[in-house]
Amino acid sequence: MDFNLPSENDPRRLEIRAWFADNPNPTYSQIAERGLAAPNWPAPWGLSADPELQYIIEEEFAKAGVIPPYNINAIAVNQCGQSLLVHGTEAQREQFLPPALACEHIWCMLFSEPSGGSDLGAIRTTARREGDHYIINGQKIWTSAADKATIGVLVARTDPSQPKHKGLSQFILDMNTPGVTVRPIYDMSGEENEYNEVFFDDVRIPADRLLGKEGDGWRLVM
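Residue numbers (my numbering): 1341 to 1562.
These are calculated hints, taken from the structure and not from any lab test. Among the hints, a few may not be true.
[Stated by the list, open to error] Under the rule of at most 30 Å between Cα atoms (straight-line distance), these lysine-lysine pairs were calculated in the DSSO-like manner: (1) Lys1403 <-> Lys1488; (2) Lys1553 <-> Lys1488; (3) Lys1504 <-> Lys1553; (4) Lys1506 <-> Lys1553.
Model the full structure from these sequences, guided by the hints.
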């Protein structure tokens, strides 16, 4: 096993370095089109990069003085976006992944609640099917970046009759939907921090924003 780091003359490094030389101030859209926004993702979104290539790309971002999209929009690129990549429909991937990789949409995770913290089994926020929509009511807390986010990945209870780890579903939520209220959480000094409370009052989510199958929320998160 070779534990040496890729050399300065590694062809993959030279290719990435040449791209940054040709694009000294790249937009995040350009970075996404080149596959560098999520290099470990498969084509057409990424490069199916192995850890060694990911290391090279990370170094070349630093040498070029460019902040990687996966640092700006970490929740989308490193966490929830991969769930959408695997479990989302083709229409969902085409609609939501390009603007996420280009940092045009910032994402947040709407999981934790006041009654149970990070225990997903204690979720009380409900999603009730009504025609072509789900009606969401409830509250989330300690939500990072909710004040900046345009998209939220929401876990809600679609079947209260099921055991607590069942009956949960995931949704892709437009954070500007009527009925969504975001309130910052202040620390003891009175300063805002990165965490927020999020309230849902009869929020209508189109049924085609369901991620995966109804009742699959626990499995998708795990």
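Could you tell me which of the hints above the structure violates, numbers in ascending order?
-> Those not satisfied: there are none.
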